[in-house]
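Q: Chains as they are written, first to last, in this note's numbering: chain X, 1 to 202; chain A, 203 to 404.
Derived from the structure by calculation, the hints contain no laboratory data.
One or more hints might be untrue.
Sample of chain A residues lacking proximity to chain X, with all beta carbon distances greater than 10 angstroms (derived) [claimed, not checked]:
1) Pro212
2) Ala227
3) Glu239
4) Leu246
5) Leu251
6) Ser268
7) Trp274
8) Pro289
9) Ala293
10) Ala294
11) Met303
12) Val328
13) Arg336
14) Gly353
15) Glu354
16) Ser401
Here are the simulated SDA-like pairs of lysine to any residue, each with C-alpha atoms no more than 25 angstroms apart in a straight line [to be verified]:
17) X:Lys22 <-> A:Pro387
18) A:Lys326 <-> X:Leu132
19) A:Lys224 <-> A:Ala237
20) X:Lys124 <-> A:Pro289
21) A:Lys326 <-> X:Gln86
22) X:Lys174 <-> X:Gln86
23) A:Lys224 <-> X:Leu106
24) X:Lys174 <-> A:Glu277
25) X:Lys124 <-> X:Gln86
26) X:Lys174 <-> X:Gly131
27) X:Lys2 <-> A:Arg403
28) X:Lys22 <-> A:Arg287
29) X:Lys22 <-> A:Lys326
30) A:Lys326 <-> X:Ala50
31) A:Lys326 <-> X:Leu123
32) A:Lys326 <-> X:Ala139
33) A:Lys224 <-> A:Arg403
34) X:Lys22 <-> X:Arg39
35) X:Lys124 <-> X:Lys22
36) X:Lys124 <-> A:Phe314
37) A:Lys376 <-> X:Leu106
38) X:Lys124 <-> A:Lys224
For each residue, glycine too, the CB sits at the ideal point set by N, CA and C.
2 protein chains.
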Amino acid sequence: MKLYTNRFAPSPRRVRMYAAEKGLALELVEVDIAAGETRTAAYLAVNALAEVPTLELDDGTRLTESLAICRWLEELHPEPDLFGRQPRERAAINSWIDRLMFRLYLPTTQVFRNTHAFWATRLKQVPEWGGLQRQAVEAEYDALDAAFADGEYLARGSFSMADIVAFTAVEFGKPSGIRVGDSRPALRRWYEAVGARPSARA
Amino acid sequence: MKLYTNRFAPSPRRVRMYAAEKGLALELVEVDIAAGETRTAAYLAVNALAEVPTLELDDGTRLTESLAICRWLEELHPEPDLFGRQPRERAAINSWIDRLMFRLYLPTTQVFRNTHAFWATRLKQVPEWGGLQRQAVEAEYDALDAAFADGEYLARGSFSMADIVAFTAVEFGKPSGIRVGDSRPALRRWYEAVGARPSARA
């Protein structure tokens, strides 16, 4: 299987980290977003939305959207499970994933889009919105720090896809200067523990 | 099962429409967002994020996030399926759901949040961002109109959760004055067909 990816983008990193945790080998094809490679005719034929990641199967079928890709891989390779074994456990993990995508990942990307120099010449930025979204990210960091009072990982007693979604989102705060910092000890402990996993370098 | 819901909000409507398609009876508890009822101590004890929907099971367990709720209900009540029967079909539906949540639902909510009078006195609006998000919604409507050239429904030959996600998002464009209009015949045909289903009134 081939994964069209980009080394700086958070969504393909989600898939790479997932695959590393599962021990799945993916042939990586680097797509240079900064050089406009997602918008070439060749890549638009791969992914009409001009986005990474795209997973290409050996039969040529393509699948887009990072979470859909991971859910599909989970069906084909259920062990070790990262989406939960029982319906109730899967529900808890799915609930965390949705929450994290909308309350953590999304505002983090909007800070980057609206305040980072990378986009300044590429699209219309609205720094005021970026500032509000930065506040939303900081508030979610505080909420997560409180949530960890109950456990070592986010959605259950062991590592899951929810931790991958959260970790890759927090990592993507770095280029915008958003940091876990020292004032959130439980979040920081989790962040360092997840960052020490080999999959964090995938 | 009890569903904390709000008649105007798109996320609980997603769950109500899903449950109606499945023939599942939910006891509805209306939470008046405009009157501040999501932020009362009583409701924060139900959902600490001050959001609807929340599903409450008969044993008192609670589950938040509309898609996680629907995925969980799908495990308990697999027929008629709305998330796909085979891994490849489920992957296609999941890919559409993710795309629609981020490229259709999300910008639609941000138009509402940043330009509608409802929020003007409740939070800091950034109309310029709302305007850009309105353009993003219109562009996605155009893309969906083109996508329908291939079929009657979004993700497969029959109705699925992807159609529910899209329909409830399009419906939520109305208060912001976003319309399918007459220039997108395929999208309009789909919109009217889905709107004629009994579940559209749930």
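Q: With reference to the structure, classify each hint as holding or not holding.
A: For each hint, the structure was consulted:
Chain X leaves Pro212 (chain A) outside its interface by the beta-carbon criterion, the shortest separation being 13 angstroms against a cut-off of 10 angstroms. At roughly 19 angstroms, the least C-beta separation between Ala227 (chain A) and chain X is larger than 10 angstroms, which holds for a residue marked as non-interface. At roughly 21 angstroms, the least C-beta separation between Glu239 (chain A) and chain X is larger than 10 angstroms, which holds for a residue marked as non-interface. With a least CB separation of 13 angstroms from chain X, Leu246 (chain A) remains clear of the 10 angstroms interface cut-off, as annotated.
Consistency note on Leu251 (chain A): stated as away from chain X, yet its beta-carbon is not over 10 angstroms from all of that chain's, at 7 angstroms minimum. Not every beta carbon of chain X lies more than 10 angstroms from that of Ser268 (chain A), the smallest distance being close to 8 angstroms; the non-interface claim is violated. With a least CB separation of 4 angstroms from chain X, Trp274 (chain A) falls inside the 10 angstroms interface cut-off, contrary to its annotation. At roughly 4 angstroms from the closest C-beta of chain X, the C-beta of Pro289 (chain A) falls inside 10 angstroms, breaking its exclusion from the interface.
Listed as a non-interface residue, Ala293 (chain A) fails to keep its Cβ farther than 10 angstroms from every Cβ of chain X; the least gap is roughly 4 angstroms. Once the 10 angstroms rule is applied to beta carbons, Ala294 (chain A) is inconsistent with being away from chain X; the minimum gap is 8 angstroms. The non-interface label for Met303 (chain A) is inconsistent with chain X: the shortest C-beta to C-beta separation is roughly 8 angstroms, within 10 angstroms. Against chain X, the non-interface label of Val328 (chain A) is violated: not every CB pair exceeds 10 angstroms, the least being about 5 angstroms.
The claim that Arg336 (chain A) is not at the interface with chain X holds, since no C-beta of that chain comes within 10 angstroms of its own (minimum 13 angstroms). With a closest Cβ-Cβ approach of about 16 angstroms to chain X, Gly353 (chain A) is found to remain outside the 10 angstroms limit, as its non-interface label requires. Distance check on Glu354 (chain A): its Cβ is at least 20 angstroms (rounded) from any Cβ of chain X, clearing the 10 angstroms threshold; non-interface status holds. For Ser401 (chain A), the shortest C-beta to C-beta distance to chain X comes to about 21 angstroms, beyond the 10 angstroms cut-off, and the non-interface label holds.
As the CA atoms of Lys22 (chain X) and Pro387 (chain A) are separated by approximately 44 angstroms, the hinted pair breaks the 25 angstroms bound. For the suggested pair Lys326 (chain A) and Leu132 (chain X), the alpha carbons sit about 9 angstroms apart, so the restraint of at most 25 angstroms is met. A threshold of 25 angstroms between alpha carbons decides the hint, and for Lys224 (chain A) with Ala237 (chain A) the separation of about 31 angstroms lies outside it, so the pair is violated. Between the alpha carbons of Lys124 (chain X) and Pro289 (chain A) the distance comes to roughly 40 angstroms, so the proposed pair goes past 25 angstroms and is violated.
A threshold of 25 angstroms between alpha carbons decides the hint, and for Lys326 (chain A) with Gln86 (chain X) the separation of about 42 angstroms lies outside it, so the pair is violated. The suggested pairing of Lys174 (chain X) with Gln86 (chain X) is violated, with an alpha-carbon distance near 35 angstroms, which exceeds 25 angstroms. The straight-line distance between the Cα atoms of Lys224 (chain A) and Leu106 (chain X) is roughly 31 angstroms, outside the 25 angstroms bound, and the hint therefore fails. For the suggested pair Lys174 (chain X) and Glu277 (chain A), the alpha carbons sit about 38 angstroms apart, so the restraint of at most 25 angstroms is broken.
A C-alpha spacing of about 45 angstroms is found between Lys124 (chain X) and Gln86 (chain X), which places the hinted pair above 25 angstroms, so the restraint is violated. A hinted pair counts as satisfied when its Cα atoms are at most 25 angstroms apart, and Lys174 (chain X) with Gly131 (chain X) qualifies at roughly 15 angstroms. Taken as a hint, the Lys2 (chain X) and Arg403 (chain A) pair is broken in the structure, with Cα atoms around 43 angstroms apart against an allowance of 25 angstroms. Pair hint Lys22 (chain X) plus Arg287 (chain A) holds up; C-alpha atoms about 24 angstroms apart against a cutoff of 25 angstroms.
A hinted pair counts as satisfied when its Cα atoms are at most 25 angstroms apart, and Lys22 (chain X) with Lys326 (chain A) does not qualify at roughly 43 angstroms. A hinted pair counts as satisfied when its Cα atoms are at most 25 angstroms apart, and Lys326 (chain A) with Ala50 (chain X) does not qualify at roughly 32 angstroms. A hinted pair counts as satisfied when its Cα atoms are at most 25 angstroms apart, and Lys326 (chain A) with Leu123 (chain X) qualifies at roughly 23 angstroms. With a C-alpha separation of about 16 angstroms, the suggested pairing of Lys326 (chain A) with Ala139 (chain X) holds against the 25 angstroms cut-off.
As the CA atoms of Lys224 (chain A) and Arg403 (chain A) are separated by approximately 14 angstroms, the hinted pair is consistent with the 25 angstroms bound. With a C-alpha separation of about 31 angstroms, the suggested pair Lys22 (chain X) and Arg39 (chain X) falls outside the 25 angstroms cut-off, and the hint is violated. For the hint pairing Lys124 (chain X) with Lys22 (chain X), the CA-to-CA distance comes to about 39 angstroms; that exceeds 25 angstroms, so the pair is violated. This hinted pair checks out: Lys124 (chain X) and Phe314 (chain A) have alpha carbons roughly 20 angstroms apart, not beyond 25 angstroms.
Taking the CA atoms of Lys376 (chain A) and Leu106 (chain X), the gap is near 24 angstroms; set against the 25 angstroms cutoff, the hint holds. At roughly 43 angstroms between alpha-carbon atoms, Lys124 (chain X) and Lys224 (chain A) are farther apart than 25 angstroms, so this suggested pair is violated.
Of the numbered hints given earlier, the model fails hints 5, 6, 7, 8, 9, 10, 11, 12, 17, 19, 20, 21, 22, 23, 24, 25, 27, 29, 30, 34, 35, 38; all others are met.
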